[in-house]
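In order, the protein sequences belong to chains C and S.
Note that the first sequence covers residues 275 to 342 in our numbering.
Note that the second sequence covers residues 389 to 920 in our numbering.
Hints listed in this document are in silico derivations from the structure and should not be mistaken for laboratory results.
Honestly, I wouldn't trust all of these hints.
Partner residues aside, some chain C positions facing chain S, computed with beta carbon under 8 Å [said to hold, decoys possible]: (1) 282; (2) 283; (3) 287; (4) 290; (5) 304; (6) 310; (7) 315; (8) 316; (9) 322; (10) 323; (11) 332; (12) 337.
Sample of chain S residues with no beta-carbon within 10 Å of chain C, all distances over it, derived [unchecked claim]: (13) 480; (14) 552; (15) 749.
Where chain C lies over chain S, by a calculated footprint (3+ residues, C-beta under 8 Å) [as the list claims (entries may be wrong)]: (16) 614-620; (17) 631-637.
Ideal Cβ placement from N, Cα and C applies to all residues, glycine included.
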Amino acid sequence: MTEPRSPRSDRSPWNWVLLPAVVIPLIPLLFNHAEPRLLGIPLFYWLQLTFILVSVAATLIVYRVTRR
Amino acid sequence: MNEHITEIVVFTALFLLVSGMGFVASRWRRADNLASLNEWGLGGRNFGPWVTWFLVGGDLYTAYTFVAVPALLFGAGAMGFFAVPYTVIVYPLVMLVLIRLWSVSHVHGLVTPADFVRVRFGSPTLALLIAVTGIVATMPYIALQLIGIEAVLKTMGVTGDLPLIIAFAILAAYTYQSGLRAPALIAFVKDTLIYIVILVAIIYIPAKLGGFGAIFDAAEAKFAGTAAPGDGTLLNANNQLQYITLALGSALALFLYPHSVTGVLASRSRDVVKRNMSALPAYSLLLGLIALLGFMAIAAGVTPIGTDVNTVVPQLFDQMFPDWFTGVAFAAIGIGALVPAAIMSIAAANLFTRNIYKEYIRRDATDAQEARVSKLTSLVVKVGAVLCILLIDPQFSIDLQLIGGVIILQTLPSVALGLFTRWFHRVGLIAGWTAGMTAGMVLLYNIANPANDHAHFGGSAFPLNKLGLDTSMTIYAGFLALLVNLVVAALVTVLARRLGSPEGVDGTAPADYTAESGDPQVKEDLEVAGST
């Protein structure tokens, strides 16, 4: 609570974990394919939906590790 | 007798329920006094993780998104799915930016992005530009929310302007009364309804249509039969660059919108903001599933009412669901329009009050006067939005919204980069803004859309061959305009410094950007502390 004001910083090597979560969904080469389908859904759609998990994982890791 | 009577009854009942909640909201989380912007405009700046999640989610994923994105897939196919990478990359992209914005805003009692620019660069002119950009970009966005409601009303066979006017009058009244607490409370109902409707839709509709395989086959067959070269269930060589620049540009723009900032600043601590970055993608999953409704509509043989493709999803629900559940689904969309419309009008009103009224009209305005001006402005903003829809071709609002995305992006160097560096000179930022705006307008003006007979402002995909490049690829116009903005801002910064132009006072200290709630410099009781 009233701990001495240590200079807090946003800098952390862990922040780099966020980079792939931003870059991967922007590479059409990875996902612009129809096959293989999953439950009848072309890869283009189901793979981009699974990128959501990458985003959640990256932000979660950074949040947990850089907390305090 | 109207065949949609069950739907209308369910819709109206739910609509009235949330309207009641909107009025009661002023008593939620007990505010002693709503007469300050921190209370009326930011809900007391005390929302925890759950409220923030519902509020920001309800704010960013609007009713218009929910009808327009599937409509885009219905019409053009894979290109419309850009909304998914857009809302996937945005959270890791802005995480480190928003926590700095939260901290500096709480140390200095800032309410709007333009407030920050004012303190950071000591330039009322730059702050005014940022504020006006925000207001201009937000106005058509509010108008678009009405299109969401209109699409639903049309499908229920309700015609005429009166129902729309009544819906917005109710919205205006409880926003006036309760401020940000109203959308925050309503967002719970809105999002719960939307999640239920979509979960049911995503299981029930494919089951009736013979599975996802059949749905995508129907979509492929439809696009193979059209003359348009850009559509299909996959991207082609020419629209891939547009797809990723549009996703990236939209992601960069999202948290520059004043209403997004409002949602972030209303939270209790930077920890709440940071934690929400990994919770908000749940809405992206929802959006992705909703997008697929566009293909389901193709497979179900849905035809839009008239030429309004935004009616595709309501039509699909009407065709597939039992009447009572269609009513629930329509209510979800209708209420879904109210939450963002309320927050947007509050954000626009705050910009006017803080950065125009207080800066240029009444410098000594008290907190109570600020709150009163903001409340009145929020009414004016909503009347303007209704008039936009009623008097002008709705297509005009859609064009304006497109322009809005391009122009709000031009505030990125001042607001987002400004949170990390003071390197840019204020004169450079003003020059960059001017150049970016001009470039954006020129690019958009030169985009034609043969599909709806627009010679200008026909979309956001700028053909690169117009720049003399030998290619048929397209790129997002806002992205190009931002590049122009950044280059000019950097060049003029160097120049201004050579000429010894005054830098302006930076009212912030490095430690302000990492302050957390509980730190001595963070104002806990902002309604007493007032403004800076």
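Hint check results:
1. Hint on residue 282 (chain C) holds. Least Cβ distance to chain S is approximately 4 Å, under the 8 Å limit.
2. At its closest, the beta carbon of residue 283 (chain C) sits 6 Å from a beta carbon of chain S; the interface hint therefore holds under the 8 Å criterion.
3. For residue 287 (chain C), the interface hint is violated, since its Cβ never comes within 8 Å of a Cβ in chain S; the closest pair sits about 13 Å apart.
4. The criterion of a C-beta within 8 Å of any C-beta in chain S is not met by residue 290 (chain C), whose closest approach is roughly 11 Å, and the hint is violated.
5. Checking residue 304 (chain C) against chain S by beta carbon gives a least distance of about 11 Å; that is not within 8 Å, so the hint is violated.
6. Given the 8 Å rule on beta carbons, the hint for residue 310 (chain C) is violated: about 12 Å separates it from the nearest Cβ of chain S.
7. Look at residue 315 (chain C): its Cβ gets to within about 5 Å of chain S, closer than 8 Å, so that hint holds up.
8. Using the Cβ-Cβ criterion of 8 Å, the hint placing residue 316 (chain C) at the interface with chain S is satisfied: the shortest such distance is roughly 6 Å.
9. Evaluation of the residue 322 (chain C) hint against chain S yields a held restraint, the C-beta minimum of about 5 Å falling below 8 Å.
10. The interface hint given for residue 323 (chain C) is met, as the beta carbon of that residue sits about 5 Å from the closest beta carbon of chain S, less than 8 Å.
11. Hint status for residue 332 (chain C) relative to chain S: holds, with the closest Cβ pair at about 5 Å, below 8 Å.
12. For residue 337 (chain C), the interface hint holds, since its Cβ comes within 8 Å of a Cβ in chain S; the closest pair sits about 5 Å apart.
13. For residue 480 (chain S), the requirement that its beta carbon stay farther than 10 Å from each beta carbon of chain C is not met, with the minimum near 4 Å.
14. Even its closest Cβ contact with chain C, about 34 Å, leaves residue 552 (chain S) beyond 10 Å, as expected for a residue assigned away from the interface.
15. Every beta carbon of chain C lies more than 10 Å from that of residue 749 (chain S), the smallest distance being close to 37 Å; the non-interface claim holds.
16. For a cut-off of 8 Å, the count of residues in the stretch 614-620 of chain S with a CB near a CB of chain C stands at 0, and the three-residue condition is violated.
17. Counting residues of the stretch 631-637 of chain S whose C-beta lies closer than 8 Å to any C-beta of chain C gives 4; at least three are required, and the coverage claim holds.
Checked against the numbered hints given earlier, the structure breaks hints 3, 4, 5, 6, 13 and 16 and satisfies all the rest.
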